[in-house]
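Peer 1: Sequence:
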Amino acid sequence: MHTDAGVFGRSHELSARRHEQVVFCEDDRSGLKAIIAIHSTTLGPALGGTRMYPYASEAAALDDVLRLSWGMTYKAAASGVDLGGGKAVIIGDPAKDKSEELFAAYARFVESLGGRYITAGDVGTNTDDLDAIGRYTSHVTGRSTAAGGSGDSARLTALGVFNAMRAGAESVWGAPTLAGRTVGVEGVGKVGRELIGLLLADGAEVCATDVNTAALERISADHPSVRLLSNVSAAPVDVYAPCALGGTLTVSSAEALEAKLVCGAANNQLATPAVEYTLNERGITWVPDFVANAGGLVQVAGELRHAAPAEVEDAVRGIFDRCRDIIAESRAEGIGTGAAANRFAERRLDAIPRVR
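Note that the sequence shown ends on residue 356 in this note's numbering; no numbers are left out.
By construction, these hints were calculated from the structure, which means they are not laboratory data. Since the model is a prediction, treat every value here as computed from it, not as a measurement. Among the clues, some could well be false.
Said to hold, decoys possible - Below, computed lysine-lysine pairings styled on BS3-like, alpha-carbon distance capped at 25 Å:
{"no.": "1", "residue 1": "190", "residue 2": "96"}
{"no.": "2", "residue 1": "98", "residue 2": "33"}
{"no.": "3", "residue 1": "98", "residue 2": "190"}
{"no.": "4", "residue 1": "96", "residue 2": "33"}
Unchecked claim - Label pairs and their calculated CB-CB ranges:
{"no.": "5", "residue 1": "57", "residue 2": "335", "range": "34 to 42 Å"}
{"no.": "6", "residue 1": "228", "residue 2": "28", "range": "42 to 50 Å"}
{"no.": "7", "residue 1": "234", "residue 2": "273", "range": "16 to 24 Å"}
{"no.": "8", "residue 1": "94", "residue 2": "148", "range": "21 to 29 Å"}
Cβ coordinates follow ideal geometry from the N, Cα and C atoms, glycine included.
Work out the full structure, taking the sequences as your base and the hints as a guide.
Peer 2: Set out below in structure tokens:
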């Protein structure tokens with residue numbers, strides 16, 4: 001994306017489906033600086049988490065929220081839930097800048113949108129933060145069970161990624177299991193930790209990396225068999241699982257991959273569209289991130305409609321079938337898995353005006 005483009009220009013560069021609304025939120029008293037981006041409400045209210053991150057610039061924050069909200073539209077459409085796509089970012093260090101006053105100010109901005117945007121957790125925010133936001137707006141999901149929510153979404157997000165990876169493994173090696181395969185997990189935060197547990201239980205060998213030393217120490221304590229590496233993307237692994245921030249797959253890193261399958265929890269894994277072409281040329285199967293990591297979205301969608309936990313978990317496991325269908329369509333049509341996933345989502349988005 002061109003950082004010198006205006007807000008409208010940046011939105012258009014992402015997709016022919018432009019953003020409906022971008023809200024810049026500032027509160028001097030609390031120090032809040034946030035951006036809420038509503039990409040689409042075609043299928044329902046725009047839902048997407050609030051990310052808190054110390055962005056290098058306001059332009060970088062805007063780029064991130066536009067990309068993430070666009071991705072949420074396609075994630076919701078591909079997941080079969082009746083929700084639109086949105087996202088929010090709070091510019092700040094989650095280790096230093098959180099306060100009740102800041103979340104109260106942010107929640108009032110969310111409330112002012114009248115339900116067009118529903119927030120949830122993301123990088124830098126947790127259930128405690130969502131509970132705080134929920135004291136000032138009803139348009140929030142993912143709160144703690146004590147506050148009436150469905151709790152942290154890490155477990156079901158990881159479950160969705162695991163099932164997406166199983167579908168990818170079936171397409172590459174003929175069996176829907178990671179048993180005997182080596183998986184390199186990049187990023188061992190909440191979702192990465194949960195994913196590692198599922199992989200080990202399935203019989204996979206796991207190596208992992210993270211910029212956070214404490215997170216790696218916790219993995220070593222919980223799972224001594226996990227090998228810690230400085231770089232898993234270029235390591236001799238069968239599966240590369242990006243579970244940190246996005247943009248880790250560049251053309252050069254894709255050319256260095258030894259993995260035959262890429263599937264992880266990170267959003268916006270491909271730095272540019274050209275990366276998918278490189279993966280295809282090298283015979284590497286990529287499970288599109290917005291399909292693989294939709295477990296958390298399915299969870300909070302279930303929370304909104306008061307679905308039973310078992311029903312929600314079954315819906316998350318259904319990510320396996322969706323990924324299998326997308327991979328099959330990509331091969332039948334001779335297109336990338338990303339293009340196939342976009343087609344899947346767009347068919348649902350395009351059908352709504354005709355239904356109405």
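Peer 1: All hints, please: hold or fail.
Peer 2: Right, here's what the structure says about each hint:
1. 190 with 96: Roughly 20 Å separates the two Cα atoms, so the pair holds.
2. 98 with 33: It holds: about 12 Å lies between the C-alpha atoms, which stays within 25 Å.
3. 98 with 190: holds (19 Å)
4. 96 with 33: Given pair residue 96, residue 33 holds - Cα atoms ~15 Å apart, limit 25 Å.
5. 57 with 335: 34 to 42 Å: holds (36 Å)
6. 228 with 28: 42 to 50 Å: This hint holds: roughly 44 Å between Cβ atoms.
7. 234 with 273: 16 to 24 Å: holds (22 Å)
8. 94 with 148: 21 to 29 Å: Check passed, 24 Å falls within 21 to 29 Å.
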